[in-house]
Each structure stands twice: as structure tokens, then as C-alpha cells.
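Protein chains in written order, with the numbering used here: chain C, 1 to 237; chain A, 238 to 474; chain U, 475 to 704; chain G, 705 to 934.
Derived by calculation from the structure, the hints in this document are not laboratory data.
All the pointers check out, no bait thrown in.
Using 25 Å as the maximum straight-line C-alpha spacing, the simulated SDA-like pairs for lysine to any residue come out as follows:
id : chain 1 : residue 1 : chain 2 : residue 2
1  : A       : K371      : U       : A613
2  : A       : K310      : A       : E279
3  : G       : K855      : A       : S385
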Amino acid sequence: MTVQLARTALEAVGDVADGSTVMIGGFGPAGQPVELIEALLEQGAGDLVVVSNNAGNGEDALARLILERRVRKIVCSFPRQVDSWHFDAAYRAGEIELELVPQGNLAERIRAAGAGLGGFFTPTGFGTPLAEGKETRLVDGVPMVLESPIRADVALVKALRADGVGNLVYRKTARNFGPVMATAARRTVVQVHEVVPTGSIDPETVVTPGIYVDAVVPIDSVTTLAGVQPGARGVAS
Amino acid sequence: MTVQLARTALEAVGDVADGSTVMIGGFGPAGQPVELIEALLEQGAGDLVVVSNNAGNGEDALARLILERRVRKIVCSFPRQVDSWHFDAAYRAGEIELELVPQGNLAERIRAAGAGLGGFFTPTGFGTPLAEGKETRLVDGVPMVLESPIRADVALVKALRADGVGNLVYRKTARNFGPVMATAARRTVVQVHEVVPTGSIDPETVVTPGIYVDAVVPIDSVTTLAGVQPGARGVAS
Amino acid sequence: MSAETIPADARSGSPLSKAQLAARVAADIRPGSYVNLGIGLPTLVADHLPEDSGITLHTENGLLGMGPTPEPDAVDPELINAGKVPVTELAGASYFHQADSFAMMRGGHIDVCVLGAFQVSTSGDLANWSTGKPGAVPAVGGAMDLAVGAKRSVVMMTLLTKDGQPKLLRECTLPLTGVGCVSRIYSDIAVIDVGPGRRDDDGARVVETYGVTHGELEEMLGLRLGFAAG
Amino acid sequence: MSAETIPADARSGSPLSKAQLAARVAADIRPGSYVNLGIGLPTLVADHLPEDSGITLHTENGLLGMGPTPEPDAVDPELINAGKVPVTELAGASYFHQADSFAMMRGGHIDVCVLGAFQVSTSGDLANWSTGKPGAVPAVGGAMDLAVGAKRSVVMMTLLTKDGQPKLLRECTLPLTGVGCVSRIYSDIAVIDVGPGRRDDDGARVVETYGVTHGELEEMLGLRLGFAAG
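The task is simple: from the sequences and hints, build the whole structure.
Here it is, written out as C-alpha cells:
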């Protein structure tokens with residue numbers, strides 16, 4: 001499929017149906033696709049299942065999605081943060097479902113979906129409340145838990161640079177969940193600092209091959225490079 | 238562990254005990270660690286289990302290891318080639334055990350070992366002779382086979398370039414099995430075209446982080462870059 | 475719909491040549507697709523993909539964006555395809571290791587995989603890795619991963635063996651590569667859909683024939699064949 | 705063997721300060737090791753690793769070769785550690801995605817992981833992610849992966865809660881992070897080995913005490929304690 005080069009985040013995000021599962025990259029501020037989440041907020045889809053390492057900070061777009069009760073369930077390793085008040089309130093009110101997943105299992109389960117695997121055995125979580133009800137077995141004497149793949153309808157990812165066929169490179173620890181989420185969604189939407197001509201990313205250094213990317217939108221460099229949320233909600237191309 | 242910078246392939250390979258499992262990178266000539274396999278031949282270990290995509294060509298070092306009956310078993314996706322006569326003879330004589338593994342399962346099983354997983358479910362091979370006797374189950378309606386990790390005592394890998402802490406980059410399709418094998422062996426030995434100062438490989442482009450590398454030996458550039466086996470068996474630093 | 479790309483005699487009274495067959499397969503591949511071409515006959519398809527099609531070739535030994543065979547003086551032993559034949563890289567290419575490459579294939583990201591075959595069953599089972607001869611040295615490579623991994627796996631083959639035996643059967647007699655994985659067969663004599671579908675027949679539906687009638691094809695294969703929905 | 709790196713009063717009559725405790729942990733980490741320091745108290749260990757030790761720090765959000773906190777004007781929001789605190793990269797660093805980063809951790813490639821804890825059992829069970837309070841919002845992060853993934857997982861903590869309750873117990877009462885995964889506890893009052901070992905006691909063996917006798921420690925914890933093999 002040809003990569004869509006969008007002019008705005010809203011155009012890149014496109015139609016997201018109610019009830020969709022949406023993966024959102026980022027670990028804290030690093031790698032958070034801020035403008036794409038803002039666009040999802042604006043776009044209006046509800047009854048969402050969100051797969052994301054965190055559950056929103058302060059008044060950011062993910063937090064506001066939760067505040068507006070647009071998120072039915074979140075699959076997440078670390079929802080509780082000093083400023084996750086909107087998630088905390090929704091959770092305490094029983095108005096959001098939480099599937100708490102160890103961070104390594106979260107990454108590996110997303111990778112498994114992208115790689116076409118039906119599940120894997122891991123020692124992580126064995127004997128803990130997070131493995132309750134899951135199948136376990138001894139593998140070479142080590143107790144392990146069966147974990148299942150996590151796939152999505154849409155993945156929202158932030159990268160540093162894309163070329164014309166959607167090849168991506170990332171920047172420092174902002175790489176985090178982007179590369180695995182891009183493989184596990186039916187549609188992967190990426191905001192990048194810049195789009196460069198095809199052929200100008202060294203094929204040896206591509207992190208996400210373009211086959212995993214459906215839409216790309218260039219977003220203001222200061223935001224992307226500094227990871228700082230802009231004052232304005234508008235999106236520049 | 239600090240990376241050993243060896244002067245010769247023999248020094249890099251070091252002690253390999255009889256009965257060891259040895260992973261050997263390469264897909265055909267691309268990425269084959271020719272001089273390291275030559276060194277293993279010279280080093281003398283026997284009763285080996287070899288994990289490698291192919292089973293030797295012509296009179297190359299892997300073929301000679303098999304000719305000398307130093308390989309008890311080979312775990313392999315494509316042993317039969319036009320010039321695999323030493324493997325073919327040993328196999329027909331019942332003097333080598335073959336575990337035939339689909340190439341994708343081979344790569345994924347090696348990765349699973351390196352990633353600490355106890356196994357995974359995959360549709361590959363279901364209903365075929367290569368899945369006979371293996372556990373199967375339906376996952377979301379798709380029949381799948383349980384595959385187990387493959388680990389090794391030693392991995393022999395070829396890369397393009399290493400720095401002083403063992404970070405590696407590869408070259409074109411010679412990358413193939415190197416990065417996963419490096420993660421799955423207790424000791425990983427790498428021949429490279431060149432060793433460069435630490436800090437001169439861009440951290441964004443490292444393919445194999447140095448944590449996976451135990452010994453590095455620089456080998457004559459023409460050999461490495463062209464993948465052509467040299468006339469002499471000696472190894473230059 | 476893709477008729478204009480098929481040589482005129484392809485739909486007249488004679489079976490397809492290898493080149494015509496390759497062109498016929500190529501005509502069905504949608505612009506912008508990601509494609510893996512198996513070793514052997516399927517590699518010919520590459521020569522028939524329009525330059526402006528935006529079709530990207532994957533080779534499972536670790537390259538997306540594979541280009542044609544280089545000039546002899548530009549051969550690089552570290553740039554080869556899954557058949558170990560020298561290839562080139564195109565602009566926009568990327569390299570990756572074996573686990574990532576097969577994750578791409580096995581995870582359903584490749585749109586079309588074109589495979590050779592010894593036998594295909596009307597239910598879409600594939601046999602293309604083992605002749606089943608006693609004493610033969612087995613080898614599988616990526617065949618089993620390719621068979622089940624792509625969004626759509628199609629077979630390109632002659633419809634009969636050199637001895638005149640049908641290669642499309644009710645049940646494969648050779649060791650299987652994959653179960654129910656093939657959706658269409660492109661052959662010198664006919665294009666036939668297999669696998670799940672309307673089953674008022676033996677499960678296979680004829681799309682086109684070359685030089686034979688529907689009835690002759692049924693007789694040749696010893697199968698009742700349906701008509702593909704059109 | 706590493707005694708010279710411990711401040712002199714550490715082995716005299718008083719419990720260790722946080723800095724002394726961090727130095728004590730650091731002294732046991734072998735030169736050339738790959739190390740992951742958990743969020744909280746364990747991050748202090750970084751300040752006590754000798755510059756020439758060749759010790760490499762891993763942070764599970766995707767960096768090997770992590771350096772110290774930058775000057776305020778050099779903070780990069782895209783270069784942070786697992787605690788979301790700005791860090792730097794050292795020469796020889798590498799970045800990788802979450803699945804690769806946790807494969808590195810979970811596959812047993814990190815030599816030592818230093819974790820904080822609410823409770824540890826004498827058999828090496830760890831509880832460090834949930835206070836178990838009803839209504840609390842749970843969060844686990846990488847704790848469960850770190851606990852079982854490294855070659856060796858050790859805990860760094862005060863030995864008693866603020867209320868004076870022992871954090872080393874026969875059985876943890878809080879929800880577990882991992883089973884039998886901790887091999888040593890470094891605390892302000894004592895260094896104690898836990899997990900599999902000689903069991904003519906409650907399964908824990910004292911390595912060193914600070915400001916308390918062996919007997920006082922046993923009384924404080926309500927446990928019979930062995931002596932670590934010397």
C-alpha cells in the first residue's frame with residue numbers, strides 16, 4: 001500500500017470507528033505522538049480500547065480522552081503517575097477498565113501480534129496477581145505464564161524522520177514503543193519531524209520499514225525534537 | 238563483561254568443548270563467518286551440535302567439519318544444496334542427525350532463547366511432517382504449533398564493523414542470522430571488517446549492542462566485503 | 475480487468491509460455507503491493523511488473539525493496555536473494571535480520587506471496603518442499619513460513635507434471651507445506667481458485683483457461699470444477 | 705574484598721546512610737558488568753561506580769550506555785531513563801525499541817539488577833509494586849520483568865518500614881512482583897543473602913551487619929538467620 005502523506009494530524013488519523021483499539025506510542029513525554037492524540041480527541045471516536053504505557057498526564061490529550069469517557073478500557077503498564085488525576089478518577093469511579101500488563105510483556109505481546117505469533121511463554125509475572133487465571137507451565141524447570149498477542153486497529157506513533165515510502169528512524173529514547181506498535185496495527189499513523197526524499201535514509205539504518213506505515217504527517221520540529229507540548233492545539237505541516 | 242579483542246580467529250574462538258552447541262551465522266555465502274569456522278575446524282572440538290541455515294558448501298569449513306564427523310547433529314532449514322555433498326553423504330550414512338526447521342521458525346526460536354521466552358505458538362508448519370509430535374492448539378481459530386527456544390554455547394557471527402565495546406553493524410543481506418544468534422549464545426564471537434574507536438558508531442544505528450558480544454577479531458577486508466573465501470587459511474588482523 | 479496486459483494469444487487457443495504466465499500473475503498484483511516471489515518460476519514475475527506500479531519486493535533473507543540482478547561487474551556476494559542469486563537494492567530499501575524479516579512475512583504484512591508447487595489440493599493445501607522420495611535429503615528453507623504468512627498466497631506452476639499427472643488434486647499425496655493456504659493457482663493451462671468458496675463442485679473454481687475448454691480441463695484433472703464468481 | 709571502597713564508619717557501630725548503602729552496593733558490582741538500577745533508592749548507586757570500572761548502565765526504556773543527569777540547559781525530553789528523569793548517553797551507547805530492550809533484560813543478559821522493595825521473603829520472593837491498599841491505583845511498569853530477567857537481582861532498601869516493621873519476612877504479605885528472584889538484600893542495617901542456600905535456619909544468611917549484632921538482627925526481624933559462606 002502506498003503511504004499517505006497527510007497535511008494535518010487530523011487528516012492523517014482519518015476515520016477511527018467507535019470501539020476501535022488504538023495503540024499510542026511513547027514512554028512519558030518521549031515519543032508521545034501529541035498532535036495525533038489531539039487529532040483523535042478532535043476526531044470524536046469513543047468506546048475506545050487504548051494500548052499505551054501510561055494513562056495520560058495532567059491535561060494532555062490522552063488524559064482528556066479519559067476525562068471525556070471516550071476510553072472504555074486501557075491496556076497499560078504504568079497508569080498511576082503524580083498527575084494522572086483524570087485516569088485515577090475514572091478508575092476509582094469504575095468508569096474505565098484497566099488491564100495492567102508488565103512493561104516487558106506489553107512490548108513482547110505487541111511484537112507477537114505483529115510477528116503473527118499466537119502467544120508465548122514467559123517467566124515474567126509468574127506467581128503474581130497479574131498472572132492470575134492465566135495458563136502456566138514449567139519450561140526446563142522454570143515456571144512460565146502464557147501471554148497472548150495484543151493487536152490494534154490503529155497505531156499512533158511518533159518518529160524523527162520518514163521518507164516517501166514510509167521508512168522511519170527515531171530519536172534517542174523516544175523510539176520506545178513505536179517500532180513494535182507499527183507492526184501490530186491494521187493502520188499505522190506516524191507524526192514525524194520531517195519527511196525526506198526516498199533514498200535519503202540509509203537502508204542499513206531504517207528502524208521501521210515502510211511496509212508498516214500507512215500515513216505520515218510532518219509536525220513542527222520544535223515540538224517533535226523537544227517533546228514539549230505546544231500551547232496551540234493547531235497543527236502545522 | 239569486557240569484549241575481548243582477539244588478534245586471530247583461533248584466539249577469538251578460544252576453547253570450545255566437545256559436545257558444544259555452536260550457532261553459525263550466514264545465509265549461503267552472505268554473512269558466513271568463514272575464518273571463524275576455519276578456526277573451529279583447527280581448534281578440534283567434536284561431537285558438536287551446529288545451528289545454521291545451511292549445512293556447508295563444497296569443501297568449505299562447515300562441510301569439512303561434517304566430513305570429519307565432528308558434527309553430531311545439525312539444526313538447519315536448508316541442508317540440501319547442489320554442492321552439499323559432505324552433508325548428503327553423512328546424512329545418507331546415518332552419521333549425522335538432522336533437525337529440519339522452517340527458516341522463520343529457526344530465526345524466531347533463536348530469538349526466543351535470546352529474549353528469555355519459553356516457547357511460542359506459530360501457524361508455520363501446522364499439518365506438515367515438521368510439526369509431527371509437537372503440541373498444537375487453535376488460537377483465535379487458527380491452528381498453531383508450539384515451538385521451543387534454541388540456545389547455544391557459542392555463536393560465530395560475521396559483521397561489518399565493531400567498536401571497542403562490541404557494538405556491531407552489518408552489511409546488506411549479510412546481516413541475516415547474526416543479530417539473533419548473538420543474543421542466544423553463552424559466548425558470541427564475531428569477525429568484522431574493521432574495529433573502530435568506541436563512540437564512532439552512531440548509537441541510533443547499532444544493530445547488535447555490545448552486551449551480546451564476547452570476542453571480536455578483525456579479518457582481512459576483501460574477504461569480509463566481498464564474501465569470497467580466500468585461498469590461504471591464515472588470518473590477518 | 476487486467477486483460478490488456480496479457481499477450482493476445484494468451485486467451486486464444488494455446489497454453490501460456492512461462493513469460494506469458496509470469497505476465498498473467500503480474501497483471502493481478504495491485505499497484506503499491508508488497509510482494510514476495512518464491513524461488514524458481516515465480517521469480518520471472520519480477521520482469522513483468524510495470525516500473526510505475528509502486529510494487530515493492532521482499533526477500534526473506536532480509537531485504538525489502540529488492541531490485542533486479544546486477545551487471546556481472548557489480549555483483550556483491552553480500553547482496554543476494556532467497557535463492558542466493560545476486561540482486562540490487564532500490565531507493566527506499568531497508569535491511570533487517572532474519573527474525574524481523576520473517577516477522578514481516580509471518581505477521582501478514584506481505585500482500586502477495588507467489589509460490590512454486592509440486593501439488594495443490596482443491597482446498598488450498600500446498601506441497602512444494604519435499605518430493606517424498608525415500609533417501610532424499612530434505613530441505614525446507616522459508617517455504618512453510620511463506621505459505622501461511624502472507625495476506626494472500628498464490629501458486630504459479632505448470633498444471634501437469636512432465637509425466638502428465640495433475641498437480642491439482644483432491645488431496646495432496648506429497649508431504650504438505652501448509653494447510654488451506656493457497657487461494658489461487660496460475661498455470662499454463664488455466665487460472666483456478668482453490669480453498670474456501672462455494673462447494674457445489676470439488677472446491678476449485680476456474681477463472682480462465684488457455685487452449686482448453688472447461689470440460690477438457692475437468693477431464694484432464696479428473697475433477698468437477700466450478701466457475702469463479704465474476 | 706571490596707572493603708576499601710566502603711567508608712570506614714560503615715563497618716563500625718552505626719547503620720549506613722543512603723550514600724554509604726549505595727557505595728556498599730556499588731562495591732559488589734564487578735568491573736565490566738552490565739547493570740540496571742531500579743527507580744528510587746537504587747539510582748543512587750550510579751554515583752558510586754568508579755569511572756574506570758567499565759560498568760555499563762541499561763535503562764529499560766531503550767538505552768544501553770546511560771550517563772548521568774545533564775546540566776539543566778542540556779536537558780533533552782527525548783533522552784530519559786525509566787524514571788522519566790533526563791539522562792545522557794555515553795560513548796558506545798546504543799538505542800533500541802521496547803521489545804528489544806526487554807529481550808535484553810528478560811533474556812538474562814544484564815549482569816545485575818538493583819531493585820527497591822516493600823518486602824522480601826527469606827526464599828527470595830519480592831514485593832515492590834503494590835502496597836495492596838484497597839482502592840489504590842495499581843501500576844507495575846517494568847518491575848516484574850526486571851525482577852526475574854537479570855542474571856542476578858538484588859534489593860536495596862531500609863530493613864524496617866517507617867513504622868519499624870521488618871521488610872524481610874518468612875513470607876511476603878503484599879502482592880508479589882516475582883517468586884524466588886532476589887539473591888541478596890543490601891540494607892542500612894545488614895547485608896543478607898536470601899533464596900536457595902543452606903537451610904539450617906530460616907533461609908536467610910547474614911553477610912554483614914552495621915550497628916547491630918547478629919542476635920539483635922534476628923530479634924529485630926523475628927527470624928533465625930544463618931551466616932553467609934565466607
